[in-house]
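Asker: Given the structure of chain F, go ahead and fit chain W onto it with the hints provided.
Note that the protein sequences, when read in sequence, are chains F and W.
Going by our numbering, the first residue of the first sequence is number 1, and it counts up by one from there.
Going by our numbering, the first residue of the second sequence is number 1, and it counts up by one from there.
What you were told as hints is all true, and nothing was included just to trick you.
Which residues of chain W face chain F? A partial, calculated answer using Cβ under 10 Å:
#1 Ala69
#2 Val72
#3 Asp103
#4 Ala140
#5 Arg143
FYI, nobody ran anything at the bench for these hints, they're computed from the structure.
No residue lacks a Cβ here, since even glycine has one placed at the ideal position from N, Cα and C.
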Amino acid sequence: MNKAALIAWREIRWEIYGDRAAVIRTLFFAALPVLFVLSERNSLPSTRSDLTMIALAFQSALFPALSGVALIASTFTQEKENGTLLPLLAAPVRDMDIVVGKLLGMIGPVMAISAASLAIFYVLGRLVYGPERIERSLPPEILYAILIVAFLYLVTAGSWALIIAARVRTTRAAQQLVGLLIGLSVGVYIGFGFVAARVGTGWPLLALGPFLLALDVIALEIARRVWQRGEVIGRL
Amino acid sequence: MIDVRDISRSFERVVALDRVSFRVEPGEIVALLGPNGAGKTTTSRIVAGILAPSSGDVFVDGISVTGDADAVRERCGMVTDQPSLYERMTLRAYLGFFCRLYDVASPEHRVAELAELLGLSDRLDTRLGAFSRGMKQKVAIARALVHDPQVLLLDEPSAALDPETARSLRAFIVSLRARHRAIVLCTHDLDEAQRIADRVVVLYRGRVAREGVVGALRADARPRFVVSFSGDAALARTALERVGVTPEAADANGHAALRFETSDETTTNPAVLRALLDAGLAVITLAREERTLEDAYFAIVAEARGE
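Excised from the complex, chain F in its bound form (with noise of 0.2 Å):
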């Protein structure tokens, strides 16, 4: 696990906080929040539009993680198109290590993102909407339940993205396929949002939990499968 941790400081360290990119782009999604709040400031308090905050607090949660997934798959194509792989495939560590490593060192800095991003979104809905509104609608059980989902969707949809990084040969295919995965989780987020909004209760939000959890443990086991050295060194 140490030497998971490692190649995990090594992305955040280099990868991310070294590429000027990745800043930017960390930059654009922490001000999505404000972006939200001033395009909802006539929201009126009701039940659906309590159920307008919970959306909007979750949308600034996850807008970051949908970035991230990106960033996953296209930081191992990288490393297959430029031969980074290699060397690390070469060293005495185990396959698992370099998966979560590599997994934790994307997921680490997103989740940070979108925690920051959810935290803007409060003070200022807070300050739009007022401090009783916010309160209401989101109690520290419904914002760890907007990280938990954002956290968990991060590791399936990153998993995913690691399965399809294996079986692709560049950066370009890749993006394309995680495009189209990214566009099919938003498709079921507004699926859940849009029944959530129907029935006036925030339950099938919470349903997300169960169901992404189920497609980690089916992801990552394909995940870990298809990134054995055998597997990966077949396709370099």
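Answerer: This is chain W only, laid out in the frame that chain F set:
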């Protein structure tokens, strides 16, 4: 040190290696030669413990690659034709990262030592993306040496290097041999193999076509002679063809000359001389030409092809 025993490897339906065996002793450089697709890279990846053989086994320092690939990887260092570096990292951070992956006891000390060894001490805090191609390849070599491995697998290490850097790299590889490292060198550069390898394994379509000491392989090649003369070259060519020799144009210090191969010099050479003299040509010299590893290699590959 390295004992490759009957390894085979298939990728789906393609057989990349077919029952390949050879040994490399400590302090020995063995060159793996062969055309593209012969199985050189696959062999080195199997020895390095990053690709499992479909059958057979490799023992590195007595450890089976199929039994404990992690322990084999701890004993091997690998350099590929592309440096394959994380170019956003500084040299210090990059080597430090690999030192920690290999559990090197004192990473900072080892990084400084390797930088000194390869003449990169003044570039420790420079990002690798700013390095020249030759310097990047040096970094790749440093990466392979972080854990001071007993076995080095070099896959086209001097590809795309300028002649000066390639020469210093060769000198460095030879210095590693002196430190009793077992070295496998996959290369297309036959001149490089001739200069530094002790033994050669020629692979062709996944099989060992020939294995031997460089000098012996060169000596095995069919003897070749150059005859220089003054007079009409076309006349000389016809005279040689008449005695069953197939000549090629050659150059001998500005004189007209022809090159020919023969497996029976005691019969052929007097016949060649007689034919030239009978044609009214003045023979200046008849000399045996030293065979290179390249000559031996092409003969081996032609034989493997069934030509």
